[in-house]
Amino acid sequence: MPFVDASGVVTATLLATIVLYGLGILLPQCCPRHPHLQNLFAHGAATLAAMSGIVLGLSGLFIDAPPVFSLPSTLPLLTIQFRLDPLSAFFVLLISLAGAAVSIYAVGYVREFESRHPIGLLGGLYNAFLLSMTLVVMADDGFLFLILWEIMSIVSYLLVVTEHEKADVRYAGFFYLVMTHVGTAFILVTYLVFFQQTGDFSFEGFRQSIASLPEGFRTIAFLGALIGFGTKAGIIPLHVWLPYAHPAAPSHVSALMSGVMIKTAIYGLIRVYFDFLGGDFPWWWGFTVLAVGAVSALLGVMYALMEHDLKSLLAYHSVENIGIILLGIGAGMIFQTYGLANLAALGLLAGLYHTLNHAVFKSLLFMGAGAVLSTTHTRNMEEYGGLIKTMPWTALFFLVGAVSISGLPPTNGFVSEWLTFQSLFLSFQLPDLLMKIMVPIGAAMLALTGALAVACFAKAFGITFLAMPRSQHAREAKEVAWPMRIGMGLLAVACLALGVAPMVVVPLLDRVTSGFTEATLAGRLVTEGGFALAPGLGIGFASISTPLLAILLIVIVPLTLLGVVLFGGRLRKRLYHTWGCGINLKPRMEYTATGFAQPIRQVFSMIYRPTVKVETEMLEESRYFAKRKTFELSLEPTFQKHLYDPVVRLFNLAAERLRVVQAGSLHLYLSYIFITLLVLLLWVS
Amino acid sequence: MGQLDTLLITAAQAVIILLMSPFVVGLIRKVKARLQCRQGANLLQPYSDLTKLLRKGVVVSTNTSWLFTATPYILFASTFAASLLVPVFLSRIPLNFAGDVITVVSLLTLGTFFLMLAGLDAGSAFGGMGSSREAIIFSLTEPAMILSIFAVGLTAGSTNLSTIVHNTALMNGILTDPPPHLMALAALFIVTLAETGRVPVDNPATHLELTMIHEAMVLEYSGRYLALIEWASAMKLLLFLTLLSNIFVPWGIATEPEPVWMAMAVGAWAVKVSALAVVIGVFESMFAKLRLFRVTDLLGVAFILALLALIFYYILRG
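Protein chains in written order, with my numbering: chain G, 1 to 685; chain S, 1 to 318.
The following block holds chain G by itself, in its conformation from the complex (with noise of 0.2 Å):
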């Protein structure tokens, strides 16, 4: 057998993951006639496969030296050997648990486009997206890891443009087909620094070129692998495709993409950055990652806030909380130049363990707004409301996510927004005075964050779930089928576990950090028995506890019921309408979206720059009284304005000038081929 050094465990569950994720391709394939015989096929092997994808992730984790998996290969210069070392399987885990739960939910969710769509090809394309995210972070060398990275790109590309016959889907999955490549390309290059040195492609080889590699090409590694990776994660300012491409997918995409797939970016950050470089850094590394991220956790949460578009709101909110995981991983940067071991695990710790929670509760968001697109068949949030009356089960879950993701206690947000605050606190430690004073900002800035998101949030479930339904769509609502619900309500447990028993996952990844930072910090962040975290490491810092925050919360609420109830005796509950200052109230006179988030869009009109058109029609009898009022509202999308319209204006101006040797013609381009050769022969004699 061509696979050596690794355990039975790991090897049969690698094996059955790729088995049953190649079922889910072919199996769906073999009945085209039975659309819903195709969705059970295709969904069932991918949640079977990503279950052994969480047993595989969980075995690696505890497995000291990393089996390799290696298969031999014909063609020069590709090798294809995997290797299961902590940082992979910590995002195998990850990729799986999500996996797992989505692809439940998508057995409910896809029956809808039974009759639209070619089951068989979106459920193959669906497990041959999870398998190549599964591979590509196990991948042991460069050239497989490019080729499972395109795969991954293309796969993913295919399937934003499943409802390909509506103009804007074709466009945002045209716009993330250019963005991906050119991610690609700089990735490209950043191994092409590694290549040079050694002329080997493997990762063994990577990490050995790091010795004689000049200043100047570390620098180039560096910025390619950040500007590469950072189209993938959707780091501002190479986000625009994200609230395109994230959406324009059927929903249970949507959560993948945005719950996971740009987690493997994340994962080629830390494999480049603390791996292949060894981490070694000058000081602005580490700072430009903190401030990339800042900047992208704080423009991303405004950003969501202006969206009445759900799943365009969840998608910023992906580039925020990408923002929120560079803020952990920067300050481990920085921790780690000034040869602090301790804190740089910490700050790599949080950025890990946020990139976790993102991924549980950012998919079980999407799949909550994929529920309600469900059934109300519009995405515009002006025309939600009161669907928590019809859908119970999705409001409650999406209201489990929303705490989540705002990082309130006692949820997995709040355990990692809370670590991550402490490693930017714990920069009083650093020698360096500028970063003393700018690492602390980088905290503000995040509680800032903090605090917009959970406005948005509030603007999010408020205007979806609560009050009079707005439209004939939203009073038309049904609660969603049963694998749905199952799919949400076990993310949903999870987001509460992650949070409530950090003592268990920190261990874990604890295992990841100690590789990268000679520090183990899990004996000394978990206290107290177990119950608390404290990354003080022997000063006493801060600590906290959220079993016992959750143990008291559980315990005041029914004490306080009882207490009132003891006092002031059975409840008198009258029911009466809304009292609406004499006129009957209507689903018109309430709150908007637009209208909620105008105080925030005056506050920062800097940033927003929005043009606002009033134009009044009044009655020809009388000026006083208005015949109709229209009200728009548009926003300066500065990025796309200012940075990426003149290089398409550059690119197009190129082709024009080219198309004079393309003109069409046969004749000339036999002339070409002909000259070609011609150099070519003279060239070689």
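Hints may contain errors.
If you want the footprint, here are the derived chain S segments under chain G, 3+ residues with CB under 8 Å [to be verified]:
{"hint": "1", "segment": "75 to 82"}
{"hint": "2", "segment": "95 to 108"}
{"hint": "3", "segment": "154 to 168"}
No lab work stands behind these hints: they were computed from the structure.
Think of the CB as a built atom: it goes at the ideal place given N, C-alpha and C, for glycine as much as any other residue.
Take the given structure of chain G and dock chain S to it, following the hints.
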């Protein structure tokens, strides 16, 4: 500390906060009334209000969902839990390990989040307006609050409130590092006004359109639900006053769990928070409410002060 002591001290703190919070509200009202040359209501009026509200029936809008009913309980529980994490009369509280200042802020935010949702739930434009305005004010307050507490935490070397209070009590409170501490104090005072909905940010005495923030959000509440919300607001106010007094003027707080010291510390604390309540009452009488979009300038000032506190700390310490 034994198990029993832990439980007793926590329970004592819980009872003290529950009982003291309406008094602070009454005191501020009394001060304002006196400054307006009115007799003003009895100092214990808020207690009577709460009793009356708790016994009254409730009117609930037909538009609302379970969330509207759950919110008062969630708000009360989260605010109450937050105030258990703040040292009141003993600097080293037993629940110290449960959470630091970020946790306290997050717990309060949890309540605010649900209150914003409840404001939208009845479908009235008033509630929506309150929620929308609360969103912007509380968003802009957060960075100033985090930075100012961090600036103080640097002196103590911790963001755990207990450790901050304990260490500043053992040192000299605000006199340890006067310039950064004074700036942080000013920043945190502005934050307190904004977070607890006082003039010049919000006016707790009216429901007029101009001042519609907190009072507009809770407009649809009545009876026991309103009582819980009012009580939670009072606890939040007391929590912030406790923070201000125990962080900056920690004198009088017990640093060891000795019964006599603790009893005296309760008295000292009551005097300090009452004094601060008087200051707020005077402050509210001196200033007019700011326009909503001028409030951002005030909160900007708080942020800059907090940032300066941080920079000054490093420059003074070298």
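Coverage assertion for the segment 95 to 108 of chain S with respect to chain G, Cβ distance below 8 Å, three residues required: holds (count 10)
Within 8 Å of chain G's CB atoms, at least three CB atoms from the segment 75 to 82 of chain S: coverage verdict: holds (count 5)
Coverage criterion applied to the segment 154 to 168 of chain S (partner chain G; beta-carbon cut 8 Å; 3 residues): Check passed, 6 qualifying residues.
Of the numbered hints stated above, none is contradicted by the structure.
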